[in-house]
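S.K.: Based on the hints, put chain B in the right spot on chain A.
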Amino acid sequence: MNLAAKDIQHNFGRFALTTLGVGMLLMVVMGMGGIYRGIVEDATILVDRVGADLWIVQRNTKGPFAEVSRVQPNLVHRVLAVPGVQASREFAYYTIQRENRGKQLRIAVLGLSWPTDKGEWVTLIAGRLLTQNHFEMIVDESLGIHLGETIKLGKETYTAVGITKGMLSLNGDGLAFVTLPDALAIQFDTPGESIRLERAAREGRGEVSELVLKQPTLLDQAAKPSGDLPAIARPQLSAVLVTLASGTDLDQVVNIISGWGDVSVYTKEGQRQLLLKGMVEKVRRQIGLFRVLLTVIAAIIMALILYTMTLDKIHSIALLKLIGAPNRVILGLIMQQALVLGVLGYCIAYTIGQKVFPMFPRRVILTQTDLLQLAGIVLLISVVSSLLGIWKAMNVSPNEALA
Amino acid sequence: MSKKETKNDLAIETLGLTKIYGSGNTEVVAMKDASMQVHNGEVVALLGPSGSGKSTFLAAVGLINPPTSGKVFIGGQLTLDGGEAYTNLRSFRRHHIGFIFQKSNLIPFLTAVENVQIALELNGETPRAGRKRAMELLDYLGVADRADNLPSMLSGGQQQRVAVARALANRPSVILADEPTAALDSSRGRQVMELFAQVAHEQGAGVIVVTHDHRALDIFDTIYEMEDGLMQRKIQHAESSV
Numbered sequence: 001m002n003l004a005a006k007d008i009q010h011n012f013g014r015f016a017l018t019t020l021g022v023g024m025l026l027m028v029v030m031g032m033g034g035i036y037r038g039i040v041e042d043a044t045i046l047v048d049r050v051g052a053d054l055w056i057v058q059r060n061t062k063g064p065f066a067e068v069s070r071v072q073p074n075l076v077h078r079v080l081a082v083p084g085v086q087a088s089r090e091f092a093y094y095t096i097q098r099e100n101r102g103k104q105l106r107i108a109v110l111g112l113s114w115p116t117d118k119g120e121w122v123t124l125i126a127g128r129l130l131t132q133n134h135f136e137m138i139v140d141e142s143l144g145i146h147l148g149e150t151i152k153l154g155k156e157t158y159t160a161v162g163i164t165k166g167m168l169s170l171n172g173d174g175l176a177f178v179t180l181p182d183a184l185a186i187q188f189d190t191p192g193e194s195i196r197l198e199r200a201a202r203e204g205r206g207e208v209s210e211l212v213l214k215q216p217t218l219l220d221q222a223a224k225p226s227g228d229l230p231a232i233a234r235p236q237l238s239a240v241l242v243t244l245a246s247g248t249d250l251d252q253v254v255n256i257i258s259g260w261g262d263v264s265v266y267t268k269e270g271q272r273q274l275l276l277k278g279m280v281e282k283v284r285r286q287i288g289l290f291r292v293l294l295t296v297i298a299a300i301i302m303a304l305i306l307y308t309m310t311l312d313k314i315h316s317i318a319l320l321k322l323i324g325a326p327n328r329v330i331l332g333l334i335m336q337q338a339l340v341l342g343v344l345g346y347c348i349a350y351t352i353g354q355k356v357f358p359m360f361p362r363r364v365i366l367t368q369t370d371l372l373q374l375a376g377i378v379l380l381i382s383v384v385s386s387l388l389g390i391w392k393a394m395n396v397s398p399n400e401a402l403a
Numbered sequence: 404m405s406k407k408e409t410k411n412d413l414a415i416e417t418l419g420l421t422k423i424y425g426s427g428n429t430e431v432v433a434m435k436d437a438s439m440q441v442h443n444g445e446v447v448a449l450l451g452p453s454g455s456g457k458s459t460f461l462a463a464v465g466l467i468n469p470p471t472s473g474k475v476f477i478g479g480q481l482t483l484d485g486g487e488a489y490t491n492l493r494s495f496r497r498h499h500i501g502f503i504f505q506k507s508n509l510i511p512f513l514t515a516v517e518n519v520q521i522a523l524e525l526n527g528e529t530p531r532a533g534r535k536r537a538m539e540l541l542d543y544l545g546v547a548d549r550a551d552n553l554p555s556m557l558s559g560g561q562q563q564r565v566a567v568a569r570a571l572a573n574r575p576s577v578i579l580a581d582e583p584t585a586a587l588d589s590s591r592g593r594q595v596m597e598l599f600a601q602v603a604h605e606q607g608a609g610v611i612v613v614t615h616d617h618r619a620l621d622i623f624d625t626i627y628e629m630e631d632g633l634m635q636r637k638i639q640h641a642e643s644s645v
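Going down the list, the sequences are from chains A and B. Using the working numbering, count along the first sequence one by one with no gaps and you end on 403. Using the working numbering, count along the second sequence one by one with no gaps and you end on 645.
For reference, chain A alone in the conformation it holds in the complex:
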């Protein structure tokens, strides 16, 4: 006869509610781990998928995901000249906040080096890739922009031609893919009045310039649009992505580019580690500590629940001792209930989590390793938390049955 099952059956309502509570607590522990995995996935998804062997960024910076990185547009050609480089692409990346249909929208904009890079590495769930150099965009579904919908960014209107899923920035903002010229146009968009004021200021500075005094016709040039002025450079890129020819010695290419004074170069893994160690490390520690705290709290709560459950049947335990039940029967009664509580709590956590986690604003990824690890921890805390109840049961005297 299974005494644990009989006791649970007798107090089913209370046990079910208790298990539900423990399950909800374990769901939070499970969710915290899933949030961490989601952050890591979000942080590295671009680096993993974009298919670059090397990332060339502004000298002494850690790249566009960590900080502002500016490199000259002509760097893409310089890199292409390095032996072993098969292709080089321009890359622009930044985050903007705009209003769409009355809602604040944070968009991580990524400029694709179209037509070299049409975004083939992006997995679409609807629509198509970019087919023209301007005014088209691929957006992540998390942004809430529908296929065919238009959105005004800067002075232009862009049409969503493709929808992706799970393409998020490190901060959890949905990605929008546009061509590089469009990305730079959005990033460096300046209001008309500001441009006019700059031209006027340029003219004013020219009037007192010694060069203009010697060559007055230069003053006419100052009033022209910036793009017509050869002295003013094109907007700068965030990075240049390099694809190496097969069989190329990666280190050799890195050594060559590292010798250039204006850029730093990272391998794909290097950039990945920078993201993980630089941006995710604190989050990892914070979530890790929360998980430990929640696990300890879960263990304490389970211990108190099991202790209370033991106290509730202490008279029966004394009676069992009186009629000669060996310790293993009493230990089994408490331990089995602890394990049932833990296992059912875990199952509840998993089942509810599957329904609830997709509603979270950030991605929650439950990996098999994490789930197995948590299952092991739950079994362990079930055993440990039953010790208090077992200790109480072992110390109760059969005399108490006579009281």
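What the hints contain is simulated information worked out from the structure, not anything from laboratory work. One or more of the hints may lead you astray.
The calculated lysine-lysine pairs, modelled on DSS-like cross-linking and capped at a C-alpha distance of 27 Å, are [claimed, not checked]: (1) A:Lys118 - A:Lys152; (2) A:Lys6 - B:Lys506; (3) B:Lys637 - B:Lys435; (4) A:Lys6 - B:Lys535.
Here are the computed distance ranges between Cβ atoms for each label pair [what the hints assert, rightly or not]: (5) B:Gly427 - A:Asp312: 36 to 44 Å; (6) A:Arg285 - B:Met556: 53 to 61 Å; (7) B:Thr529 - A:Ile300: 53 to 61 Å; (8) A:Ile300 - B:Ala547: 43 to 51 Å; (9) A:Leu331 - B:Met556: 49 to 57 Å.
Quick reminder that beta carbons are idealized off the backbone N, C-alpha and C, glycines included.
M.R.: Same frame as chain A, now just chain B:
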């Protein structure tokens, strides 16, 4: 006396049992030099006012609360010598002693039949055989129709009969009952006492019953009385005038 010393003709024998609680100024002598012999098949009544030490004596004989000094023999085997146990007391209780209390003391989360069955399963009976024997006992005691009810759904008398069934389940050589008929009407009380006598005579068990019910004293073979911790009188049934 050596550990192997036995007295095979006696179901229960106690020699000079003394129980002292506390020490110094707070010392209380609950039982003093209490000796008793119960033969196989003998039914003994233990009378006495509240606080006289009856329950203390029963707890010592039942190997629940060892005496401060004195010896307890069960089935001729030395089991307790003062606080020193000469056997695994819990295992010994399981195999040889049946308990019945004033309150039925049933396990609340087990049905009537399961309360009896658990005692059998603890003694190594299979669940199927245990249930069969438990049902037979409940039938014998007239509560088979309530076998699947929880104790909370039974009357006091029905609960007590289930407790009696549990005590008899393993055919113990010793039955200890502490005011078992207190919750029963006089008719049921007498039936239970007769049942003890029947079990004692049929199984050869030694039975000690602590009771206040003087109407059923004719059933007992021997009557002891305790007062102030002393086992004062011993009355053979024939000479009982209580």
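S.K.: Now tell me if each hint is right for this structure.
M.R.: Hints, one by one, checked against the model:
{"no.": "1", "hint": "A:Lys118 - A:Lys152", "in the structure": "22 Å, holds"}
{"no.": "2", "hint": "A:Lys6 - B:Lys506", "in the structure": "22 Å, holds"}
{"no.": "3", "hint": "B:Lys637 - B:Lys435", "in the structure": "16 Å, holds"}
{"no.": "4", "hint": "A:Lys6 - B:Lys535", "in the structure": "19 Å, holds"}
{"no.": "5", "hint": "B:Gly427 - A:Asp312: 36 to 44 Å", "in the structure": "37 Å, holds"}
{"no.": "6", "hint": "A:Arg285 - B:Met556: 53 to 61 Å", "in the structure": "57 Å, holds"}
{"no.": "7", "hint": "B:Thr529 - A:Ile300: 53 to 61 Å", "in the structure": "40 Å, violated"}
{"no.": "8", "hint": "A:Ile300 - B:Ala547: 43 to 51 Å", "in the structure": "47 Å, holds"}
{"no.": "9", "hint": "A:Leu331 - B:Met556: 49 to 57 Å", "in the structure": "30 Å, violated"}
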